[in-house]
Amino acid sequence: MSSEDELILKILTQYKNIATVGFSKDPTKPAHAVPKFLISKGYNVTPVNPTVDSILGRKSYKSLLEIPEKVEVVQIFRPSKDVPPIVEEAIQRAKTRGDVKVIWMQEGIRNDEAAKRAEEAGLIVIQDKCMYREYMRLIEKAREIPPVTSLNL
1 MSSEDELILK ILTQYKNIAT VGFSKDPTKP AHAVPKFLIS KGYNVTPVNP TVDSILGRKS
61 YKSLLEIPEK VEVVQIFRPS KDVPPIVEEA IQRAKTRGDV KVIWMQEGIR NDEAAKRAEE
121 AGLIVIQDKC MYREYMRLIE KAREIPPVTS LNL
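Take the sequence shown: its letter number 23 is residue 23 in the working numbering, and every next letter is one higher.
Don't take every hint at face value.
Claimed, not checked - Here are the simulated EDC-like pairs of lysine to aspartate or glutamate, each with C-alpha atoms no more than 16 Å apart in a straight line: (1) K62 to E89; (2) K129 to D112; (3) K25 to E66; (4) K116 to E89; (5) K81 to D5; (6) K41 to E107; (7) K10 to D112; (8) K101 to E88; (9) K95 to E66; (10) K36 to E6; (11) K81 to D53; (12) K16 to E134; (13) K59 to E88; (14) K101 to D82; (15) K95 to E119; (16) K59 to E69; (17) K141 to D5; (18) K141 to E6; (19) K95 to D82; (20) K70 to E89; (21) K81 to E107; (22) K129 to E107; (23) K41 to E134; (24) K95 to E72; (25) K116 to E88; (26) K29 to E119; (27) K129 to D53; (28) K16 to E88; (29) K70 to D112.
Claimed, not checked - With beta-carbon atoms standing in for the labels, derived distance ranges: (30) G98 to K25: 27 to 33 Å; (31) T96 to R143: 40 to 46 Å; (32) S2 to L56: 20 to 26 Å; (33) P79 to P147: 17 to 23 Å; (34) I145 to D26: 20 to 26 Å.
Simulated from the structure, these hints should not be mistaken for laboratory data.
Backbone N, C-alpha and C define an ideal beta-carbon position, used for all residues, glycine too.
Given only the sequences and the hints, what does the whole structure look like? Please build it.
Here you go:
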């Protein structure tokens with residue numbers, strides 16, 4: 001197992017409190033299906049989406065700083081250009097609350113400058129990886145991974 005796989009496996013098994021920035025109310029989008037999958041696997045997922053009050057019966061917050069519950073992983077479903085202010089909020093929260101440990105940019109999302117800032121602040125950073133795919137690959141040991149939007153959860 002590669003060191004990156006070991007790190008991802010550690011994140012997936014050690015941290016159960018996830019704030020999903022960009023959690024979509026549209027069930028056909030990965031930004032809805034991936035967090036829903038994680039909820040089905042026992043993760044506590046909190047939506048961060050200023051355009052809705054709740055998703056899947058969970059209160060949605062306008063920002064990371066508003067969430068009263070513990071947040072260990074900040075999962076990002078936003079365009080790469082929108083990542084820096086999200087990372088700054090995560091860093092601020094890590095400094096004031098001490099709970100944020102990981103920035104996870106979903107598949108197709110990468111911002112090296114924001115990643116560097118997060119790492120300098122002591123956070124673990126994963127870029128351009130799907131939490132669902134990594135869970136299936138490393139925990140479920142799946143050989144074939146169906147599209148997350150095809151799951152009937």
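Structure-based check of all given hints:
| no. | hint | result |
| --- | --- | --- |
| 1 | K62 to E89 | holds, 12 Å |
| 2 | K129 to D112 | holds, 14 Å |
| 3 | K25 to E66 | violated, 19 Å |
| 4 | K116 to E89 | holds, 15 Å |
| 5 | K81 to D5 | violated, 26 Å |
| 6 | K41 to E107 | violated, 20 Å |
| 7 | K10 to D112 | violated, 22 Å |
| 8 | K101 to E88 | holds, 13 Å |
| 9 | K95 to E66 | holds, 15 Å |
| 10 | K36 to E6 | violated, 24 Å |
| 11 | K81 to D53 | violated, 25 Å |
| 12 | K16 to E134 | holds, 15 Å |
| 13 | K59 to E88 | violated, 22 Å |
| 14 | K101 to D82 | violated, 20 Å |
| 15 | K95 to E119 | holds, 13 Å |
| 16 | K59 to E69 | holds, 11 Å |
| 17 | K141 to D5 | holds, 12 Å |
| 18 | K141 to E6 | holds, 14 Å |
| 19 | K95 to D82 | violated, 21 Å |
| 20 | K70 to E89 | holds, 14 Å |
| 21 | K81 to E107 | holds, 14 Å |
| 22 | K129 to E107 | holds, 4 Å |
| 23 | K41 to E134 | holds, 13 Å |
| 24 | K95 to E72 | holds, 13 Å |
| 25 | K116 to E88 | holds, 11 Å |
| 26 | K29 to E119 | violated, 29 Å |
| 27 | K129 to D53 | violated, 28 Å |
| 28 | K16 to E88 | violated, 22 Å |
| 29 | K70 to D112 | violated, 26 Å |
| 30 | G98 to K25: 27 to 33 Å | holds, 31 Å |
| 31 | T96 to R143: 40 to 46 Å | holds, 43 Å |
| 32 | S2 to L56: 20 to 26 Å | violated, 33 Å |
| 33 | P79 to P147: 17 to 23 Å | holds, 21 Å |
| 34 | I145 to D26: 20 to 26 Å | holds, 21 Å |
In this structure, the earlier hints numbered 3, 5, 6, 7, 10, 11, 13, 14, 19, 26, 27, 28, 29 and 32 are contradicted, and the remaining ones agree with it.
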